[in-house]
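Trainee: Listed here are the chains, written in short residue letters.
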Amino acid sequence: MRKIEVVQNILGANESIAVQNKQILDESGVFALNIMSSPGAGKTSLILQTIAGLKDRLRIGVIEGDVASTLDAEKVKNEAVAVVLITTRNMPESCSLTASMIATALKKLPLADMDLLLIENVGNLICPSEFVLGEHRRVVISSLPEGDDKPIKYPMIFADADAVVINKIDFLPYVEFDIAAFQEHVEGLNPRVKFFEVSCKTGAGMENWCAWVQKEVEASAYKSASLNISLGGRGIR
Amino acid sequence: MGYSVLICYLPGMHEFEITQSILDITLNKAKEAQASRVTEINLVVGEWSSFAPECIEFYFDFLGKGTIAEEANLHFKSEPAQLHCRNCSAVFHPQNTQWVCPKCQSQILEIVGGRELYIATMEVE
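The listed protein sequences derive, respectively, from chains A and B.
Numbers in the working numbering are just positions in the first sequence, counted from 1, shifted up by 145.
Numbers in the working numbering are just positions in the second sequence, counted from 1, shifted up by 1.
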């Protein structure tokens, strides 16, 4: 019997594919957002509104992650330059997109004709926080009807986010949602995060959001950001 | 009844891919060591990692079949969650879901431990 020191990160395989994805995106000059939220918070609506707001200025492609249906891809396909649908129903890890799924999807996208890639992750606040995809920025949507306690219940996804979009802001008169307390909780874990209050239904706040996306895309054209893998608490002790 | 096994069939479980990675790393290391059998695999899983040991074991039984690791025992060591206070630099284990620094009551905190997922050591013959 022999003991072997291994000390090897199990998520390393996913992370090395994510690094390759990011290199492919950088070489093609495509900036990628990984959009995450619980089901029904408004990922598809935000993507549609973002395309509507930016399609005159940016060429936008979409990767749709969905457990079973083609519903979201149908909604998006007439608006974007190109859409690739990944259905995770037949895959064992049906709760999140992974870097290898993105690697396959990137081969099917006309990257040379794109500036921005919007990746709609599977609706879930836990699993997507474990799998980096090679994205440039991580976006989490929280909607008012879900309640303001999500950063307390699911802190990891908020700790790693670059932007948090508070959607369905038009529900404010009807639901108990303390926006200041919500932001305080997220900022406590993540002081550099940017907040956007929007309603994808009414279009409120979309100008600010689209302006940020455009600014990030333009800034990345000059300097490529390093791979956004948060090591907070994930390093080997 | 094996309820922990049942959980693996529900959507929302991502241990399959992770277990495949565990097996790949194990078999690589065993090959490097010219081992004929892997007997023990010692894993470290952070308190805040979202991976469930029961599900990893379930998939390992399935994926490991026919390999030199098929009879390996998986051991899971939990690494406690740790927060670092950005105000007074204290490092502490949160007692409940209301995360507050016990020294200065600040809520400006950084997650510094508890999300680990790695193979520490293994035993081979």
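Some hints could be false.
Straight-line distance between alpha carbons at most 20 Å, and here's what the computed EDC-like set of lysine to aspartate or glutamate pairs gives [as the list claims (entries may be wrong)]: (1) B:Lys-32 x A:Asp-307; (2) A:Lys-148 x B:Glu-33; (3) B:Lys-78 x B:Glu-55; (4) B:Lys-30 x A:Asp-258; (5) A:Lys-148 x A:Glu-172; (6) A:Lys-148 x B:Glu-111; (7) A:Lys-200 x A:Glu-150.
Worth flagging that the hints you see were computed from the coordinates, not collected in a lab.
Trainee: For every hint, state whether the structure bears it out.
Mentor: Quick rundown of the hints versus the structure:
no.: 1; hint: B:Lys-32 x A:Asp-307; in the structure: violated (41 Å)
no.: 2; hint: A:Lys-148 x B:Glu-33; in the structure: holds (13 Å)
no.: 3; hint: B:Lys-78 x B:Glu-55; in the structure: holds (13 Å)
no.: 4; hint: B:Lys-30 x A:Asp-258; in the structure: violated (43 Å)
no.: 5; hint: A:Lys-148 x A:Glu-172; in the structure: violated (43 Å)
no.: 6; hint: A:Lys-148 x B:Glu-111; in the structure: violated (35 Å)
no.: 7; hint: A:Lys-200 x A:Glu-150; in the structure: violated (52 Å)
When held up to the earlier numbered hints, the structure conflicts with 1, 4, 5, 6 and 7 and fits the remainder.
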